[in-house]
Each structure stands twice: as structure tokens, then as C-alpha cells.
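Protein chains in written order, with the working numbering: chain E, 1 to 288; chain L, 1001 to 1376; chain S, 2001 to 2348.
These aren't lab readings, by the way, just hints derived from the structure by calculation. Bear in mind that the values here come from a model prediction, so they are computed numbers and not experimental data. Note that the Cβ used here is the ideal one computed from N, Cα and C, for glycine as well. Treat the hints loosely; a few may be bogus.
Taking beta-carbon pairs under 8 angstroms as the criterion, some of the chain E residues facing chain L (in silico) [to be verified]:
| # | residue |
| --- | --- |
| 1 | Pro120 |
| 2 | Thr258 |
| 3 | Gly263 |
Each pair of labels, with its calculated beta carbon distance range [said to hold, decoys possible]:
| # | chain 1 | residue 1 | chain 2 | residue 2 | range |
| --- | --- | --- | --- | --- | --- |
| 4 | E | Ser57 | S | Gln2295 | 25 to 31 angstroms |
| 5 | E | Pro125 | S | Gln2295 | 40 to 46 angstroms |
| 6 | L | Lys1294 | E | Glu133 | 44 to 50 angstroms |
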Amino acid sequence: MSFSNVLQILVGGLTMGSVYALVALGFHIIYNGTRAINFAQGEQVVLGGVIALSCMSTLKLPLPLAFFLTLIIGGVIGYFYERLAIRPNLETSELSIIISSIAVAIILQNSIAVIWEKDPMYFPPFTKGGSLEFMGAYMLRQSLWIMGITAASVVALDRFFHQTLLGKAILASANNSEAARLVGISPFRMVSCSFILSGCLGAIAGSIVAPLTFAGGPLGTMIAIKGFAGGILGGLSSSRGVVLGALLLGILEFFIATFISEGYRDAIAIFILLIALMLKPEGLFAQE
Amino acid sequence: MRTKRKIISIVVIWVFVMGILSVAHAEYRFGILNATTGAYAGLGVHKKKGIMLAIEKINKEGGINGEEVVGIYEDFESDPSKAISLAKKLIIQDKVIAILDCGSTAASLAVKKVTEKRKIVQVNTTPRSALAVDEPWPAYYFQTVPDNSVDAQKIGDFVKSLGVKRVSIIHDSNQYGTSGAIFQNDYFKKAGIEVVLSDKYQKTDRDLTSILIKARDRKTEAVVVWGTIPTPAVIAKNIRQLGMKVHYIGSSGLGSPKLIQLAKEAAEGIVFTSALAYGKMLPNEKPLFDAYKKKYDKFPNYFTALGWDCVMITVEAIKRVGGSKDTTKIRNSLESLSEFYGVIGKYKMNPTDHNGLDTSALHLVKIIGGKWVVLD
Amino acid sequence: MRGIKELAMNRNTYSKVIDFMLFLIIFLFPLFDSNEYHLDVAVIIGIYCIINIGLNLLLGNTGQISIGQAAFFGIGAYCSAVLTTNLHLTFWLSICFAAILTATLGISVGLTSLKLRGHYLAMATLGFGIIASTVYVEWTELTGGTSGFLNIPAPSIFGFQLDNEFKYYYLVWAFVLLVFISTQHLINSRIGRALQAIHEREITCGAMGINPAKYKLKIFTLSAAYAGIAGALFAGFQNYISPESFSVYSSIIFLCMIVIGGLGSVWGSIIGTVILSIFPEFIRAVASSEFISPQIKAILNEHSYHLIAYGFFVLIIIVFLPEGIVGGVKRLEAKAYEWLHSKQIVIE
Chain E
1 MSFSNVLQIL VGGLTMGSVY ALVALGFHII YNGTRAINFA QGEQVVLGGV IALSCMSTLK
61 LPLPLAFFLT LIIGGVIGYF YERLAIRPNL ETSELSIIIS SIAVAIILQN SIAVIWEKDP
121 MYFPPFTKGG SLEFMGAYML RQSLWIMGIT AASVVALDRF FHQTLLGKAI LASANNSEAA
181 RLVGISPFRM VSCSFILSGC LGAIAGSIVA PLTFAGGPLG TMIAIKGFAG GILGGLSSSR
241 GVVLGALLLG ILEFFIATFI SEGYRDAIAI FILLIALMLK PEGLFAQE
Chain L
1001 MRTKRKIISI VVIWVFVMGI LSVAHAEYRF GILNATTGAY AGLGVHKKKG IMLAIEKINK
1061 EGGINGEEVV GIYEDFESDP SKAISLAKKL IIQDKVIAIL DCGSTAASLA VKKVTEKRKI
1121 VQVNTTPRSA LAVDEPWPAY YFQTVPDNSV DAQKIGDFVK SLGVKRVSII HDSNQYGTSG
1181 AIFQNDYFKK AGIEVVLSDK YQKTDRDLTS ILIKARDRKT EAVVVWGTIP TPAVIAKNIR
1241 QLGMKVHYIG SSGLGSPKLI QLAKEAAEGI VFTSALAYGK MLPNEKPLFD AYKKKYDKFP
1301 NYFTALGWDC VMITVEAIKR VGGSKDTTKI RNSLESLSEF YGVIGKYKMN PTDHNGLDTS
1361 ALHLVKIIGG KWVVLD
Chain S
2001 MRGIKELAMN RNTYSKVIDF MLFLIIFLFP LFDSNEYHLD VAVIIGIYCI INIGLNLLLG
2061 NTGQISIGQA AFFGIGAYCS AVLTTNLHLT FWLSICFAAI LTATLGISVG LTSLKLRGHY
2121 LAMATLGFGI IASTVYVEWT ELTGGTSGFL NIPAPSIFGF QLDNEFKYYY LVWAFVLLVF
2181 ISTQHLINSR IGRALQAIHE REITCGAMGI NPAKYKLKIF TLSAAYAGIA GALFAGFQNY
2241 ISPESFSVYS SIIFLCMIVI GGLGSVWGSI IGTVILSIFP EFIRAVASSE FISPQIKAIL
2301 NEHSYHLIAY GFFVLIIIVF LPEGIVGGVK RLEAKAYEWL HSKQIVIE
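Okay, chain E solo, but in the shape it has when bound (with noise of 0.2 angstroms):
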């Protein structure tokens, strides 16, 4: 296998790792928060894909107008879906949460194919042109939008919590919510702010993906699942961890399927990070 294949296999890896990294940040900051997993999540990322794509094809919003509006509408959902459906369930037990997650996951999938169509539809590239060539590898331009936004993304939340008073916050009450309310935080005005992140998070990565996946379709599952595994991979509590480990599942899941087998590429990817498991119960790049 030449070095200009392991370069395009490293090209596809890390587009997928970013879009499943997106995914897994957002599984993060619900972990933070509830300590439950959020189902919903893969759902959010096809919403977001198909409200960009309505944004654009029927309100008429130029590119980066529908992005924001995109990123506003799932921030508005998060906090929807929070009050509503997990609101209500937080101080029984975090089953009850994942349960509820479960409820709005099929919920969401099942009015999106209802409210557009079943079918995936074409949502256009950012940048219009052909693939970039880099040394025997061919890049769509999309994929540098996805790595960059992504990228941007992690940047930007990793700021959030560490310099901003809210993110701040938001650590504290995840950590020990007794003493955060003793210092005047809310820990449920904390946990929808989580959902607003992971809503926003959602909408991101599914108006980015949209043009490499399409936009609706039978993903949501899919999307959450990689998600979660990638995040667990890395390590849930960690938001540097749940990003490494979903670019390393990427480029693992693009090697297994040219050297091994298609068929077999997830069960073998999921294999080996059950090994990592075992060997690291606390995920990959978890910091103590």
C-alpha cells in the first residue's frame, strides 16, 4: 500500500473523527452535567443538518446567516428538550434520563422523516470546487471545513470552561453540586446550560457534515453510537480525551476497512475498544 493511500485513508479518518469528535463533545458536557448519556444526541446532528438546509432552501438565508441561525435553533431545542423532557427526571436516577434521552431520540428521528422527507437531501458544499491534491491524496474541500470548524469548536469550548465565570460554573456544579448551590449556582440552570452546549454542538456538526453525509436520512443512530464509542474511547470525562478518541476511532474504523474487512469494520473497531477498555477502564487519554 503506498504512501499516498495511507494519506487518503488519513484524510477520510480524521473527517469522520471530526464529525463523531463533535458528537462526543457532546456527550461530554451532558456527562459533566447529568452524568446520564444522551441518546438524543446522533438526532440533534441530523436536525441541525436538515434546519440548515431549510434555512437556505426556503428562507433564502445566505451560507453563514443559516450556520448561525442553525447554531441559535439548536441551542433553543437543547434548552426545550432539557425543561421538558429531562428537567423532570433529575433528581430521580440518571436511568430515568437516559430513558427520557431514548423517548426524544426516536421522537426527533421520526418527525424529521415526517416533517421533510425520508429520503437524504443535497445540501451544497461551503466552497464550491474540486478536490485539493496533496502529495497523491485527494481532499474535498468540505473536509477542511469540518476539520476546521471542529477544531475551532473544541478551542472554543475548552476557553468556555476554563476562562469564562458560567463554564466555570457549569465544572463546578458537575463536580460537587452541594457545594456549588453553598456558592450560589444553580445546579439546574447549570445542566440546561449543558444542553444548550450540546444542542448548539448538534447543530454545528450537522450543518458541517450535511454536505459529505447529505442532509435527513437514517443516520442519527449511527452518528451517536461512533459518538459515544469515541468518547469512551478517550476517555467521557475528559474533553481533550473525548476528542482524541474519536479522531483515533475515524482513522481506525478507514484502516480497518481497506486492510481488513468492510464488513467486519465496525465489530473490529468496536473490538479493539474493548481491549483499550479493559486495559484502561477510565478510556485512553482520561486525566486523573
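Following the hints, put chains L and S in place on chain E, whose structure we already have.
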């Protein structure tokens, strides 16, 4: 106080007992077992549209002997074991006289046992599994779509005419794609064309460069794709991304206007087999095109046509036995249905062939300038 | 003091009587309703009940989450299918092998995931589910791949074919009764009390000489075996199995069923299974009833709203009864008891 809990359980169990049992019988009831959710939703919705339009048309023209045709729709969520339960429901509870569509190859196989046992005609819109092709046709099992072997032959003949020596086969991992690839491999082996790569993809894959770089390394001259929209559009985009200069030939599963919408410029030059001759509409295709255009203001795709035809041949068979509701009579009539032009083609059914379509039902379509151009 | 003891005793026998009566109703049900479709649904419910009783034991009594229960279900089904169809073993032997195989796999999955908890355990079991469903699809020679496993023979007992819904109903619900009784015994035994203690305070238990790992592993194995048995029953009933029935989605639905029914309660698993399995039938009945105008029916036909309704149904139950239906009833019970108590004090 524990009784409350128990009372709830009793109530729940009694919900069983309540159900609509009695059914009026002044109509022709067709059970439509269709997947509008799950993995096959993308195809199921189009088939359903075809079925609904066909039933609408039949009823507008006075039904069968003045009696209405009623379709009872059930969604089996792309799960064959749910299809088994729902087939029982349609037959036992709704007293249907035929089960149409059956959604996926696996589901039609699953339902087969129920329809055989209860002697109800089953008209499928999916080709038979490669595993079942050597067996004789089950008595109550019919289909409106050409067998995969027919499609493979049409594709193979075309590839041969191109003078291509090295081909790659990329197929969907579902039953349709897998069995298509089996036939395609057989054909190429017989024709002396080398298959350099035969690989599959999953329905949710959106980047197939990992397979295509292998095909590129093995110097493939043509890529044959067996699958249904949208992934073939992804393959087209990836071929363009990698700058590969290959022939792209697809099975009839590609027959949807969606292909051009999704792949845009990358769809240029794709050749695929299609039962519908777009642009050069045949007289038997007109009713569907007109009805579809009127309702949705678009062109129907291949799957709509399949749905439409499964209603049309069943109704035709019933009409030929004087509107009988006897399922055995309907079966016999379907088995001897010949000289009937559906949208897909001319059906020539007989006891050894419950489909009766040959390569003449299929056309070759090439995408030129964003339009479908019929080659033959 | 004597009064309370007596009350507790009475209550125990009382609940046993109720259990008996409910199972009597279940066993008389086919005599009153002979609609084969209803029986078909009831058979599937019975099969799911077996899985969910096991899953509930695992999650409700030891706090271990599993999103891979459908994998054990599927392995049991394929194991039985291969043994009865290809090797022509009797159904009863195949069900034993299915249980042994799934139990063995349960031990190995349980062993590897003993160190894991919470999300990491969820991922491990989910991963197991994904690997299993890939194997069903890829191992075509054995499983038939995506076209499914065809022509599985119906089981027979002493030459008596169990080939229709009516006969199978009794077979499946007899198994449910068996699993019900053994699980109730287990919960009320020493093991059950140890499990409860582990669930509440794992570290303390370790200090007191109860080995949590050992108990957890045992329950993991048992729940896998239950799912395997259910799988064998499923294969014999449907005569056809395909990978779609054992997907991750099924595992998730099983999880919903037990949480909605009530964790840690055997009746909870049964109630949850029944309610979530009947709901689609209910929607179907409403959509086809006379009360709905043809125009609305046409709209309902055009799209698939039933899964949206299903999602809302699950959401509403979990929002209003976060501890499941059994938990909700218990809370009501406690409130009523309190209220009675306060009245009594006033009377005194």
C-alpha cells in the same frame, strides 16, 4: 393496597380482549405490508405512494365490478419478524385477500410461510434471494420486479459491449445487493471478465474512498454498483473526488431522480438499468407518470412503479376470474397471467415463473447533462 | 408487635394469591380470546418478558446496565436454529444448549466488564451487541446472513407438534411462569438480600465478606441465559429469524420496557413489557376505528406517526412516573397509608 398494582395488570391484559373483530365484507381488501420506518423507509415510502395511486385510480374507474378496493397499510419497521406478526394480523383480523409489497427481500421470505399456510397471495416488490433462486416458486409467491439474475445479465451484457477487462463490484450489504453481486460475479466469470474487487458497504456509509482506493490500485476499468439510493450517489462523489476515470454502471436500484439531485455533477456519465424509460415514455408507463405528476408534480421513480404494478397485476388477476374473492382462484389466475403490460414490463407468468419478466423489461439509462437518456 | 407481624404474613400470602390469580387469568386468556393474531402478540410478549425479567434482575437488583441483551437473545435464537435445522436435534436439547452457550458468553462478557461501571459498562455491552449483529450478517454459511435463517422446525413435545399460536402460547407462558417463580425465589433468598446490599453499599459489603464481583457475575450469567432461552423460543415460534430482530435498537427497547415497568420488581418487568408491546396495537385500533374521519385516516396513512406516538408515550410515562409504573403505584400506596395513618391518629 398492593391490589392497585395488580388491578392495573388486569386492565392491561384485558386490553387484549378488546379489539376490532368483526369486519364488513363488501369490498376487496388488500393488505399492504410496507416499511415506512427503519432501514427500508427510503424505498418503502415510494412504493407506498405507487400503491396508493394505483388503488385511487382503480377506485376512480369503478373498482372491481363496482366494489371498492381498500388498502390496509401496516408498517413493519424494516424488521422481518414484525412482518410475520403483521401478516398474520392482516390475514386473520382484517381478512385481506392478498398481501402486497412486503418491503424487503428478507421480509418477503419471512412472510412466505404465513401466506402459504393460509393460502393468501403474496405479491412482492423485491427480487428473490439468491439462495431461493434454484428452488421452485412457492405456490402463493409472486413478484413484480425482475429477478436479480435478469438485471445482472443486462448489466453484464453492457459491460461486455464496452470491452472492459477488469471490473470491481461494490454492493449493498443487504440481501438485494449481496445476491445481485453473486449473480454479477457468475456472469463475469462466464464472460471472461476479471473481477478485481468485490466488496460491500453499509447503508449508512457516507465515505467509501476506503474501498475505491483498492479498486484504483487494482487498475479497475469499470465499477459495477448494486444498491439503492443514497449510497451509490456517495460512490459517484468519491470517484470524482479521487479523480478516477472509470465506467460507472449501476443496478436498477439506482433508478431514482434522487441520484442526480444528490450527486450533482458527479452523476454525469453513470449508466444504470431501469424498468422505466424516462424521456422516451412507453405507452404502458403513461398512467403512472400522469397520476404521479398530477399529485406530486414530480417524476415517479422505479420503486413507485413497483408498488403501482403489484396492485395492477393483482386487480387484473381478480378481474380475469370475474371478481372472485376466492384466494385460490386469484392465485391460479395470477399464475396464468400473461400478455399483461405493467409499468415495469410485460408479465408472462407461468407455473415455473411467478414473475415472467426478462431483460426486455429493462432499459439502459445514461445520465447526460443532468438528464436521463435511454440508450436502447 | 404481633399485629404487625401478622399483617406482614397476611400480606405475603395475600400477594401470593394475587400472583396465582393473575397467572390463572393469563392461562385462561386463550380460551376466551381465540383470535390468532392476539395470541401471536401475546407469545411475543411472553418471550420478551423472559428477557426482561433477566434484564431487570441485572439492572434493578445489581445496578449493572446492559445495552446488549438483544445479542444474547439473538445468539440463543441462532444457536437453537442451527441445532434444530442443520443438526436435527430436538427443540428441548437445543434450548438447553442455547442457555449453556449464552450463559458461557455471559460469563466471559461479565468477567471482562467487571471492572467497568456506568457508561463504560453500557459501552461494553453495547459493543458486544454490535459485534454480535455483525457476526449474524457476516457468517453467511451458518446464519444465512441478511436473508435470514429459514425453515426452522416448530418444536414438538412427545410427538405433539407445537405449530400454532394457541399451543405455543402455553409453552411460552409456562416458561415465563418458571422464570417468574425462580426469580422471585432468588430475590427473597440469601442471594437476593446480598444483591440488595451490594446495590446499595458495595464497599461495605466487600468489607463484610460478601464478594460483590461473584454475585454480579452470577446474575449477569443468569440474565444472559434467560435471554438465550427466550431466543430459542423465538426461533421455534417464528420459524424464521433475521439479524434485524436482535439489533441494538431492540436492546434499547428492552431497557425502556423495564424502566417503565419498574426496576427491581418482577411484575414491573412484565407490566412494562406488556404496556410497551400493546401500545402499538392500541394506536392501530384507534387509527382504524370508526371515530376517526376518513380525511384524518388518509393523513395517518400517508405518514408514519405511530413511532412518534410511541416516543411520546414513553416520554410521558417516564416524566410522570420516573420510578416506573410499579414505583408510582408504590408511592401512591405509601401516600394512602400515610393518609390512613393520620386519620387513625385523629380518631384515637
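Right, here's what the structure says about each hint:
{"no.": "1", "hint": "Pro120", "verdict": "holds, 5 angstroms"}
{"no.": "2", "hint": "Thr258", "verdict": "holds, 4 angstroms"}
{"no.": "3", "hint": "Gly263", "verdict": "holds, 6 angstroms"}
{"no.": "4", "hint": "Ser57/E - Gln2295/S: 25 to 31 angstroms", "verdict": "holds, 29 angstroms"}
{"no.": "5", "hint": "Pro125/E - Gln2295/S: 40 to 46 angstroms", "verdict": "holds, 42 angstroms"}
{"no.": "6", "hint": "Lys1294/L - Glu133/E: 44 to 50 angstroms", "verdict": "holds, 48 angstroms"}
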